[in-house]
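Novice: Now for the letters of each chain:
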Amino acid sequence: MDNMIQVRDVTKNFGSQRVLRGVSLDIERGEAVVIIGRSGGGKSILLKHLIGLLQPDSGIVRVDGEDLAQMDERSLLRVRRKYGMLFQMAALFDSLTVDENVGFVLRRQGLESESEIRRRIGEALEMVELPGIGHKMPSELSGGMRKRVGLARAIVYRPEIVLYDEPTTGLDPIAADNIDRLIRRVWETLHVTSIAVTHDMKSARTISNRILMLHEGRIYSEGPTRDILESTDPVIHRFVNGISTPQKSE
Amino acid sequence: MVQLGEVFLLLAETARSFRHQTPSWKDFLHQLQFIGVKSQSVVITTGAATGMVLCAQTFLQFHKVKMDTATGAVVSIGMSSELGPVLAALMLTARVGAAMTAELGTMKVTEQIDALRALAAHPVDTLVVPRFLALLASAPLLTAESVVVGILSSWLVGVHLLGIDSAYYLVNMTRYTDPQDVLTGLIKSFVFAAIIAVVGCHKGLTCRGGAEGVGRATTEAVVAASISILIINFFLTLFLARIFNA
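As you go down the protein sequences, you meet chains A and B in turn. In this text, residue positions in the first sequence follow the numbering used here: the first is 1, and each later residue adds one. In this text, residue positions in the second sequence follow the numbering used here: the first is 251, and each later residue adds one.
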């Protein structure tokens, strides 16, 4: 395995709020990594740095040896072709049909015939178990279906890295399990590097082989999924088991 | 000043976009239909109402000094070079500029703009350029339509309601209206179209804070574009007059 993503001492502030305070991490090619941490702790911000949607105030984000922090928006477009990303609320283009959403990149690149594009859209929708809904608008879909279409859009052009921003947030347990299984299947069958941020421990257990914990703007701990989930470190243990810090009045 | 700088940067990025990406005909035609075709009723109504009231007011003043037949010339010059382009632009700001900001702003706060970027598509290429081109193509035509309707409706009011002699009305109108007056209006409409597109798209792309943010950005876009049009119109009038009279 080789190092695909390197992050070194990344800081990010929004006004006086210090969100990332020196994050460093490495992700190997083909890994399935989950970044856990408390809500509002900067997980999604960190994920957006990995694809260059946000630029760090300082530090390095290197993907296949290229430093994203040194690139302008047009240079970043080239690097982003390696990525697929599933957004927290799916972020489907609401003026386009499911078919147009999933085939957006393929049609934009114009590299293949329309019949080939249609075949690949059908294949991607099959993979997320939503065949035959290409004509529907995003507003006609449930939350779980939107996420699955978002996943189909993220994988249809066979990216090397797939990012998932809170993939199970807002879904019922069955829909969440469905998404987890799909993420696992995408990782196993397409051999992508899979990076998710979540605070759903059941999801983290299913979709990762390594967990990084973001705490107070830094990577607090990292290790194999089982080790982190069974850790006796008080900070990790409290988070994994959902135990709030006792208040003074209690 | 920061926002003004950002608007100029967006304008420069829009120009740069043509080097990197051929504009999508499908998106351009879609915007042309929304901006050009669907704005016609608004600019026609505006042109007609303005032409009629300008005719009536001019006649009422000129009648005192027995210059009734000069009414057509005043309406024609006023509509072609000033009221036509400015009022059409203000109506386009309200109808099209506001819609642009609201649409792009909603895309921004629902992460659709980030999704575009994640899919290796530049938001300026995909969203700004088709709107910019469609506005540049539509605004002069809509302005011309508004001016023609304004002059026709002023003729109807002047001749059939106020009793001005039709022949003198038309002769004076054509005698005193220069091609430069028409050209001035068309040049202004190009400039105003660019202002509406760039301000509307900039406010949408930089929108923050959910539904409230989209509402605020839309209001700011309409106010900023309208005021810019009114101020720049003054300087354009002086500049173009100097160019044409040189």
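It cannot be assumed that every hint is accurate.
Stated by the list, open to error - For the chain B half of the interface with chain A, some residues (derived, Cβ under 8 Å), not all of them: (1) H270; (2) P273; (3) A371; (4) H372.
What the hints assert, rightly or not - Cut-off 30 Å, straight-line C-alpha distance, at most; resulting in silico cross-link-like pairs (DSS-like, lysine-lysine): (5) A:K136 / B:K288; (6) A:K136 / B:K314; (7) A:K82 / B:K314.
These are computed hints drawn from the structure, not numbers from a lab. For glycine and all other residues, C-beta sits at the position ideal for the given N, C-alpha and C.
Novice: If you take the shortest Cβ to Cβ gap from P273 (chain B) to chain A, is it below 8 Å?
Specialist: Nearest chain A Cβ about 12 Å off; hint violated.
Novice: Hinted pair, alpha-carbon criterion (30 Å max): K136 (chain A), K314 (chain B). Please report holds or violated.
Specialist: violated, 67 Å
Novice: Can the restraint linking K136 (chain A) and K288 (chain B) be considered satisfied, given a maximum Cα separation of 30 Å?
Specialist: Holds - the C-alpha atoms of K288 (chain B) and K136 (chain A) are around 26 Å apart, at most 30 Å.
Novice: Closer than 8 Å between Cβ atoms is the bar; does A371 (chain B) clear it against chain A? Give me holds or violated.
Specialist: holds, 6 Å
Novice: Can you confirm whether the C-alpha distance between K82 (chain A) and K314 (chain B) stays at or below 30 Å?
Specialist: The given pair, whose Cα atoms are some 77 Å apart, is violated under the 30 Å limit.
Novice: Just to be careful: measuring from the Cβ of H270 (chain B) to every Cβ in chain A, is the smallest value less than 8 Å?
Specialist: holds, 6 Å
Novice: Go through the hint on H372 (chain B) and say holds or violated, using the shortest Cβ distance to chain A against 8 Å.
Specialist: Holds. Min distance 6 Å.
Checked against the numbered hints given earlier, the structure breaks hints 2, 6, 7 and satisfies all the rest.
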